Amino acid sequence: MELTNYNGLWALGFIPVLILIHSLRHRSVPRQTTTLFIWEQVLKQESGSVSLGSWIKNLSMLIQILIIILFSLGLAKPVWFTKKGLPQDHILVLDISASMKTTLESGNRFDHARTAAIGIIESLPHSDRAMILSAGTTPFIEQSFSSDRSALKQVLRKLKASDVPGDMEKAVHLAQSFSVAERMARIHVITDGAGYDLPSLTRSDDRIHPVIVPGPEHQPSRNVGITRFEFRKQKGSASGFEALVRVRNYMTDPAVFKLQIFSDRQSILDQKIGLDAGEHRTLIYRFNNISPSVLKAQVTVRDDFDVDNTVWAVFNYPPKLRVYLVSKGGFFINQILGVYPHLNLTVSESLPASSWDEVVSRNDIVILDRVAPQGPLNGSFLLIDSLPKEIPVTQAGIVDTPKILGWNSLSPIANSLRHTQFKINTAKKVRLDKQVTPVLASDHSPLIYTFHDDRVKAVIMGFDLENSDLPLRVAFPVLIKNMIQWLAPEKQPFAFTSLAAGQPFAMELSPHETRDDSVQVRLPSNRWERFRVSGSRFEFNPTHTVGLYKVKTSGQRTQFSVNLFNENESDITIRRGNQVNHHQDSGTGLIHPVYRKEGMDRKKSAKPIWPLVLAMALILIGFEFMLWLQRIKGR
Amino acid sequence: MESILDESFLRKLESIRAAALKGGQGVASGIHRSYKAGSSQEFMDYRRYHPGDDIRYVDWTVFGRTDRLFIKLFHAEKEQTLYILLDVSRSMGSGPGSKAEYAKKTAAALSYMGLASQDQVWVTSFSEDLDIARESEKGKHLYLSVQEYISSLGSEGMTDFNGALERFAASGNTPGTVVVISDLLDPGGYKDGFRALLHSRHKPTLIQILDPEEIRPRFKGHVSLEDVESGKIRHFLVNKIRLKRYEHRMKEFLLDIGQFCRQRGIDYHLADTGIAFEDFFLGYLQSEHLTGKSG
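These protein sequences, in sequence, are chains F and E. Just add 7 to the spot in the first sequence (first one is 1) and you have our numbering. Just add 65 to the spot in the second sequence (first one is 1) and you have our numbering.
Please keep in mind that the hints were generated in silico from the structure rather than gathered at the bench.
Pairs of lysine-lysine, DSSO-like flavour, derived with a Cα cap of 27 Å:
id	chain 1	residue 1	chain 2	residue 2
1	E	K309	F	K51
2	F	K396	F	K436
3	E	K297	F	K51
4	E	K316	F	K51
5	E	K285	F	K51
All of these numbers come straight from a predicted model, not from anything done at the bench.
Taking the hints into account, I'd like the entire structure generated from these sequences.
If you want it as structure tokens, here you go:
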């Protein structure tokens, strides 16, 4: 029997109180008598003996103490472990992290893990159920509890190791959440034990049963890998680039290997490098007169782990953003737009109606500064002191020197502007429709607001920049940058071109791309896959294979790389604490570490017994009630 | 000195005694007169000689005529000795209705009746030991002396009932009526004492005085009962069931006394101090007469 809630034992504290109450109740009244010898004869006759009588005298207290003990035990939620009979649940946690791809004499570590898992499934009694969890960057339920052996084995056969770093702790916690007191499941953690401290994870929990693959008969694994690869433009040079490569020797012997870097399949570096045992080195190279889009670095060495031998970096050139500014001498807006290097700006004092449609369709953003549109709005607009009829806003006059109340923190346009204050002489007093989102509020009217529907994406500034001190504030370029980023997110330079395995890839889509409804992705296996999109943001999650990915929409093409870049995962050496003292199970042939507790060998089923304990307590209460009635009757 | 018995009760006893003398068969005769083959000169009857009889009483004239031995039987002398043994142990003095007072009144009344009948009356007390320093009295005028002695008695010491009676029996007193007034609540028992009296050819009478609380206790709950004589203490719960068991055991105790006395010809009277003394004593005299023990 085991208690699952020790907090329930607080009720035992009532026992001393009960004893105290009984001792108080038994205070006797002194009396003198001439017939004590008669009383003694009476007591001697009672129930055969005096000792039995005294026992009966204390019976009530003993029963009450027993009731308290039983209640306390019930609150502690006791479970009874039976060795046989009841069906048991098993949770197989399979390590699918990159280190499981380590090659062995035959197959790789994951092949051994799969064999071990199938062995466990086959050895289970028919009444037992099993669940299969894969432990990658995030744990995943590959198969929920089932007693169908063939289905379970089918899932195991389809399962493969990935290139992602593992998080075994998260997977074990997920498994523990399924192994509740009412139905205690045995958790089989099948892993190579590399990259993390297995004993600390499993020692504290009897439910966990680690199975280490491969066994100690295998040779120690060897690995040299690239753990970091970055590429950037050289400062002050139009065609100069810098590359940073970090390599590490995880072996216990020195290693000599060849490092190569390719720019769009053309070799730009070929160097022999020697590293001592366990040594890591960071190398920086400078290249001139290249315009790379994809760079690849690789080490050529005979080791057991390929995932970190080749890495990629993608260099996406910022796309040009076409902006058309119609302004009647707007000095500040003209100046600030000229600062952004990837912005292709066209400035005009007027935009005739005849060329309106052409200008709107050819530019990513149209800015109307104190100018009314000459045609229907269809695209992305920044409207400064201009309020076209397509914007569902009702103008209700002019406000003088409105007092700024605050920025809408939920709006991306207000990023980094929370504490910004500035002065405005006059502004439009407006009432916003539900479709319009306020960005900056004043005491009388919203001052900046956004509108977004199927055809139009617009930021409206309800005041004249020339009539405020906003352009003189530090916040002005930040505000303009936020507006441009919100109006044309698809034209922003990518902040990331290289992802860690398992990390999702995300990109913004233009309204036109969103209407296309799908995005195509080419996987490292050179297979194209089509993904449906439902909003202006596309997110791609299955980045569990290292390599180069290409993304294609109706309006843009881009690419990104996925690399392991995880020093723990590249360290495929099974940690000393994880690999010592193995023994082979005679029944299943599996290798188990001996540091687990003996109790885990038993096949146990947990059955909650608090209802039984409660029933016993209630029976005792009934018995005590009868005794009490008897005492009342006797008085 | 305060009188133990009030004047009206003494006058009542006097009238009873006078009625007894006139009728010869009064209710008072039972306590001062018993018939026996005695040594007075008043001839009563003949009976056959048995070996061991005093040959001085053989009627040789009859022997000459009938050639058989007869001895003459005479009326025993009417004067007899009345011994009153009064229990003055601590148990007699305890309880709400004092048994000691009840016992003293009984002893005083008996003494008065005996002295008025010209009997030798010997009143003494006992607890752990017997007060043998007393001398017998005779004559009604000595009642005050007896009353003074009875009044002076306190309730002290433990009871050694058997020891006291055995000592009395062994003191060589003239056999007579021995009235023992006691509660008989002695764990050591009472039977050996009475056996000793009977062996010494005394005619014992037992008047047992008990308090109603001793016969039917009323208290309940957890008590520490202390024996008034030994000081021994017992803690226990007194409930309805135990009270019933006690009453049953007490009844057995009293029945055992009654049976013992009946088998040995001992007059036995139980006095409940819950009953008024006069009612008890007059009832006692009546029962002595009706049971045929009168002279």
